[in-house]
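K.L.:
Start from the sequences, fold in the hints, and give me the full structure.
Given next are the chains, with one letter for each unit.
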Amino acid sequence: MTFSPELEARFARMLRNYPPGRQKGALIPMLLYAQDETGAVTPELVQEVANRLSVKPVEVEEVIGFYSMLRRKPMGKYHVQVCTNISCLLTGGEELFEHACRKLGIGNREVTPDGQFSLEEVECMGACSWAPAVEVNYDFHHKMTPEKFDQLIDSLAKRQ
Amino acid sequence: MPDVTLTINGQAVTAAPGTLIIEAARRHGIEIPAFCYYEGYSLQAACRMCLVEIEKNPKLQPGCTMPVAEGMVVLTESPKVVETRKAMLEFLLSNHPLDCPVCDKGGECELQDMSFRYGAGESRFTELKVHGEEQQWSPVVYYDPARCILCYRCVRVCDEGLGVTALGTQNRGVISEIIPNAGDHLVCDECGMCIDICPVGALTSGTYRYKSRPWEMNHVGTICAHCSDGCKTTLAVRDGEILRGNNRDRSGINGEFLCIKGRYAFDFVRHPERLQSPLLRVNGELQPVSWSEALSAAAAKFNEVKARGGRFGVIGATRTTNEENYFLQKFARQGLGTANIDHRRSGDVVTLLDALSGRANALATVEDLYTAKAALVIGSDLAQQHPLFAFQLRANWRHHQLTAYVVTPGPVREDLYAARAIRSEAGKELEAAASLRDDLAKSQDLVILFGDAIKGDAVRRLVEFGDSLGIPVKYLCLVDYANSRGAMDMGLLPDLGPGYQPTQTRGLNWREMLADPALDVLWVVGEDPLEETALASANAFVVVQDLFLTETAKRADVVFPSASAYEKTGTVTNSAGQVQRLKQAAKVMGVKPDLDIMGLLAKEMGLNLGIWIPDKVFEEIRRTVRGYNVALPVIATGGAAQTGAADGRIPVTVPPELIRSAGDTLFTSGTLGRYSGMLRSVMEAPGTLYKP
Ligand code: SF4
Ligand code: SF4
Ligand code: SF4
Ligand code: FES
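These protein sequence lines map, in sequence, to chains V and B.
Each step along the first sequence adds one to the number in the numbering used here, with nothing skipped, and position 119 is 119.
Throughout, the numbering used here is defined as the position within the second sequence, counted from one, plus 1000.
If you're looking for bench data, these hints aren't it; they were derived computationally from the structure.
Treat the hints loosely; a few may be bogus.
Cross-link-like lysine to aspartate or glutamate pairs, in silico, EDC-like; alpha carbons within 16 Å at most [unchecked claim]:
hint: 1; chain 1: V; residue 1: 56; chain 2: B; residue 2: 1160
hint: 2; chain 1: V; residue 1: 56; chain 2: B; residue 2: 1159
hint: 3; chain 1: V; residue 1: 24; chain 2: V; residue 2: 6
hint: 4; chain 1: B; residue 1: 1129; chain 2: B; residue 2: 1159
On the chain B side, residues computed to face chain V include the following (Cβ under 7 Å) [unchecked claim]:
hint: 5; residue: 1007
hint: 6; residue: 1165
hint: 7; residue: 1168
hint: 8; residue: 1172
hint: 9; residue: 1181
hint: 10; residue: 1665
Cβ atoms here follow ideal geometry from the backbone N, Cα and C, with glycine treated the same way.
P.N.:
Printed below as a string of structure tokens:
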């Protein structure tokens, strides 16, 4: 598998971060950044990462199964993540998630037919002070309300 | 560091610093329950069954990861501990199906035992149980996720124990489950270690599942019929039929280890093609006849040929017992008056014993593989050909940082941890090994294992090389089958009698017998020489003792159906020269042990070769065969006793080219392997092996 030169450079840097013989520590970030480029963790990617880090593919599978941020299917261009963990739940996260489902017309871990949006109910993102929180790709949106959510989605939709 | 003293349940206990509480307790007869903890494997602390109360410690601590400390006061069954264990069980059972009445593990299940002990029979959970469908991962391994308690014993035994890493964990929380390495199936050693180590019935075997209950069977500890490593396998028998093999009691030189052959390849016993009646050639056709008819036909011919000074050829086997091999050579030499006796040799033990003659402590045992500081493997893919030895070395590396060196033609599993792995062409192994001299000489001691690549003069040069290192070196000459070593020791050789005593005359070796146009009688016990070589003598009268109608048996005039290793008693000797005892497990109608067949044949011929009861013959072996004066109580109680070294030179006349390993792999076992449904059904078979 080939990646962009930037990503290759990033991998090379990451591998240097770990002491010799402990390169398998790079497993999670490698999968995460590769996924950003390939859209999802494909079987080829599993094999590739296993080869690069000298681990068995089944060990890569274990990590993918454990971390929900690693996905086997591509998500939308904008991956909308709504937290429903305690702080967000207390401040309306659950209603917000239901609202998001209606607004986007999709359910948890689903993608809109045009491939623009996907939705995911996530656990704590560490943004409790600004609950309820929503994350779109790597960007945080704080103190979310249904109205602000609609505006956010509409502005993203215009950006396409 | 001095031992620490602590109190467990009021009992004063001493233990080395660093000992885990669970181990210290165990050694003093106090059992702390554990699901995930398994001695010899990495710590997991996943199940919390082992929680114990430690004085001045506000929270319960896992006994499986907490080391002992001076003055510690531990309670393993206090009311608080018992209450917690009950709660842990309630958790574990929250998604566990209550199908003990149909589960294979019922009756020997650790979860069942604990539920009984702590009385956690009721649950406050009202949620629907998460259920996963049962999956078949291979002909050997089945997984029932609903029963899995996620202790990861299976994952660790496969990864750490075997170096295969075929199992992993998928997802987390209640939907977490074990996954195989090839998506929906396994590509692995198919050893079944994961199945047996599973504390519950989540992993079951294709051989045994839904067949029986543990208390309905008798458990017979005997020795594996396949390779020469000599694993003890405990066969579970019901109505004379073997239903499963394992070694959970860790008796024997192998502890719990067994490869697919020792654990599952006993099914040849009930193969439909098993011979169950003697056959006699009548009008050109082999026909079933009575034992007396077959015996008198063979005896008459033997006597007739003997009387006229005709030529006999006798070929013995590498799976028959020491008693049988000893009796066979006695029969040939004394009864028939022939020196033409041989078997298929697979390793040059003879030259090694000669080269080491007069030295004590130069022959490695299986235990040595676990304790040696360094090991050098020459010309053998151990994981394929000697699974137990591979396992031992790996365990040594895991537990005591063994320094391993490998000199092989291709990649082998030991490469994963070897300090150096050298690829060498056939014939160049010694030079390659010599390049390791400086590294090897640094070690405190060394074990050298070598296959058929090193034979004849090369063995002597290897021993010279070992001597030149200036450290204690032990050797292990690898041979093929369960009693390949014993066949040599018992004198199934044309030039050497039992205990490698030179014989007066040198007889024909097996190649020469087959090529001799004047051969009058060919008597083959448990071998199939005609499979690859034709018999030159068209008129030879051929007598065969075997389990199956082999190529040789098809050409025979008389065929006696013989009992397999699992149907008889006697002793066998493994590659390392360790003598162990077979116990009869199965019963098969119509067959007789080879010893009985030979005894009856001798009687029919009017020969007096002595009594043919295995124990009596073994007594004679102990008295007369060099090195076999082993401690009887050790063997009688199921232990392994290593034969003594030869104390005197052995004249070696074998042409080295006669020494050739059959090259079996993990999924083959010579002729016998062809009759094992399990060995034939696994996808990896034959000959391919999952390598790193
Ligand atoms: S059968 Fe043996 S090799 Fe295969 S998964 Fe189980 S432990 Fe691993
Ligand atoms: S399958 Fe058995 S050994 Fe493996 S994790 Fe589950 S319960 Fe433990
Ligand atoms: S390693 Fe050899 S002796 Fe042990 S179980 Fe396997 S075939 Fe049998
Ligand atoms: S045995 Fe200690 S946590 Fe499982």
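K.L.:
Does each hint fit the structure? Answer for all of them.
P.N.:
Results of checking the hints against the structure:
At roughly 13 Å between alpha-carbon atoms, residue 56(V) and residue 1160(B) fall within 16 Å of each other, so this suggested pair holds. Taking the CA atoms of residue 56(V) and residue 1159(B), the gap is about 10 Å. The hint holds against a cut of 16 Å. Between the alpha carbons of residue 24(V) and residue 6(V) the distance comes to roughly 21 Å, so the proposed pair goes past 16 Å and is violated. Annotation: proposed proximity of residue 1129(B) to residue 1159(B) is violated, straight-line Cα distance about 30 Å (limit 16 Å).
Below 7 Å, beta-carbon pairs count as interface contacts, and residue 1007(B) has none with chain V, the closest being about 40 Å; its hint is therefore violated. Interface hint status for residue 1165(B): upheld, as the beta-carbon distance to the closest one in chain V is roughly 4 Å, under 7 Å. Because the closest C-beta pair between residue 1168(B) and chain V is about 4 Å apart, less than 7 Å, the hint holds. Taken as an interface hint, residue 1172(B) checks out: its beta carbon lies about 5 Å from the nearest beta carbon of chain V, inside 7 Å.
The interface hint given for residue 1181(B) holds, since its Cβ lies 4 Å from the closest Cβ of chain V, which is under the 7 Å cut-off. Below 7 Å, beta-carbon pairs count as interface contacts, and residue 1665(B) has none with chain V, the closest being about 21 Å; its hint is therefore violated.
Going down the numbered hints, you'll see the structure goes against 3, 4, 5 and 10, while the others check out.
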